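**Q** Spelled out, the chains give:
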Amino acid sequence: MRETESRLVARRLARLHDELVDHAVPLPIDTAAGRLLLEEVDYARFPPVHEGRIPPYGAIVSFGTRPQWEKLSAPTKLMSDDIDLTLLRSLADGRSSFVVRGTGGKQGIVIFDRSLESEASAARLRAETGAFVVQRVRDGLVRVCGPDGVVSWEGVEWRFKPLAEQHAAQVRRVVPQLDAEVLAGLMELCVHWLSAGQVGATLVVALRGPARLLHYLDHSAATTPPPLSVACRDHFPALRSVLAQRDRAVLVDPDGTVAALDVGLSWSDRADRMVASVGGMRHTSARRFSFEEPDAVVFVVSQDGPATVFSDGTPVTEVRADPCLSGFPLARLSAVDPDRDGETTVTCPHCERVLLVDQTRFEDWDGGPERLPCPVCGTTLSLDAYRSAIRGVVKP
Amino acid sequence: MTCAHLDQIRPVRPNSRRCEECVAQGDGWVHLRMCLTCGIVACCDSSPNRHASAHHASAGHPIARSVEPGESWRWCYIDEELV
Ligand SMILES: [Zn+2]
Ligand SMILES: [Zn+2]
Ligand SMILES: [Zn+2]
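One line per chain: the protein sequences are A and B, in this order.
Positions 284 to 679 (this note's numbering) are the ones given, in order, by the first sequence.
Positions 1157 to 1239 (this note's numbering) are the ones given, in order, by the second sequence.
Please keep in mind that the hints were generated in silico from the structure rather than gathered at the bench.
Among the hints, a few may not be true.
If you want the footprint, here are the derived chain B segments under chain A, 3+ residues with CB under 8 angstroms [to be verified]:
id, stretch
1, 1168-1174
2, 1222-1236
Take a look, some chain B residues computed to stay more than 10 angstroms from chain A by CB distance [to be verified]:
id, residue
3, Cys1159
4, Gln1164
5, Ala1180
6, Gly1182
7, Cys1194
Please read these numbers as outputs of a predicted model, since none were measured by experiment.
All C-beta atoms, glycine included, are put in the ideal place defined by N, C-alpha and C.
Start from the sequences and build out the full structure, keeping to the hints where you can.
**A** As structure tokens, this is what we get:
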């Protein structure tokens, strides 16, 4: 019986392995520790059903030889190499209790005094431990937080969303004025708290002076909150709560302090003509407002998930969970920093914005220039290189 | 470890700005790589068809570079490292 069972498990793991490979799911399943990860994903996906109830589940898989006990700030940590894994797993609810495993065969259970069920908490736990966090949470969602991003299975397809911090680099290139901690906080808030919690939001961040002094704002319904900050993680639950009950924009000062809620955005007729309407109303207004206000950058989260950053009338980056295999243009960012030799600027003849461009050139390339639309006004630009990518507008 | 395949790099130029095999199949791609032995441009391993890896497997050409805008890193398929 036991032998049959282990053979079945082995066959199931092999099927899961092939499935993950076929769907280009970015998990390191072919490394030494990959086997552990595969076992935990398999268990999270097909836990034992008891009296018709499918239990939630959670595991922390360390890629070191032993679990990173010292990095886990939990009141209860029980190392139990001699306890049967099946029993250990039944103690792990994926919210506050987790099985912990390392490649050296070490295992145990860790119990927190708080829930770590949300994507935000799991991403934080991952960052603190450097381990993979595998969970089966509400509605059978299976989620793996790893160093590259969040892999999820909702019953139909495998999806992948890069970590917020990877997108911060894109923003930093065109908005170097933004404080690094404020940027990191905003990216985490937008991607792992608001987007993951299906909360739509618009956050306007001033780059130089007080946010209230920006010109294209309507303060008629504005309110002032207590001194909350987008650079302070402890404030995120409160910010998520207030944003879930608001439609208008939030103003943020250069140091991350939330200066006002319920602020309206406006723009001139010129912005109406120059900046095309793309996406929903929230996106179009953020984009047109950012065209008018080079001293601000706007973070927009739409209720259905994607988080976009607008600066000078262009989207600088968009973070979204894309299906792993089909058409995922932004899901995998380049792991390597851009080559400074390929960096140049081009001025759009129509909107007159100076654009930051990355290029790859070959001396004897004879395929002609590349034609790309200006990300602000849509005018076709002819760029004399083998390949070009416009990253955004250089701030005046 | 140093890559012993650098001598197979030729002064090539890209044959296209697209992954021609993907275009022929009507598929899309994520990033493009160019074979540094023959100049063929093909899609990366994050793309559904992984034509650049397939080219290495069939032609045996060891090193490809990224031709994404602003990227110039090179990858040896045999040593599995940046070279
Ligand atoms: Zn333009
Ligand atoms: Zn291809
Ligand atoms: Zn070749």
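**Q** Confirm or reject the coverage of the stretch 1168-1174 of chain B by chain A under the rule of 3 or more residues with a beta carbon closer than 8 angstroms to the chain's beta carbons.
**A** holds (count 4)
**Q** Checking a non-interface call: every C-beta of chain A should be farther than 10 angstroms from the C-beta of Gln1164 of chain B. Is that right?
**A** The assertion about Gln1164 of chain B holds, with a minimum of 19 angstroms to chain A.
**Q** Can we trust that Ala1180 of chain B is non-interface, i.e. its beta-carbon lies farther than 10 angstroms from all of chain A?
**A** Correct as stated: the minimum Cβ-Cβ distance to chain A is 17 angstroms, above 10 angstroms.
**Q** Are 3 or more residues of the stretch 1222-1236 of chain B near chain A, judged by a Cβ distance of less than 8 angstroms?
**A** Our answer is that it holds, as 8 residues pass the Cβ test (under 8 angstroms) against chain A, meeting three.
**Q** So Gly1182 of chain B supposedly isn't at the interface. Is its beta-carbon more than 10 angstroms from every beta-carbon in chain A?
**A** Label holds. Min Cβ-Cβ 12 angstroms, cutoff 10 angstroms.
**Q** With 10 angstroms as the threshold, tell me whether Cys1159 of chain B passes as away from chain A on beta-carbon distances.
**A** For Cys1159 of chain B, whose nearest Cβ neighbour in chain A is about 17 angstroms away, the distance exceeds 10 angstroms, so it holds.
**Q** Determine whether the non-interface label on Cys1194 of chain B survives the test: each CB of chain A must be over 10 angstroms from its CB.
**A** Nearest chain A Cβ is 14 angstroms from Cys1194 of chain B, so the label holds.
When each numbered hint is compared with the structure, no violation occurs for any of them.
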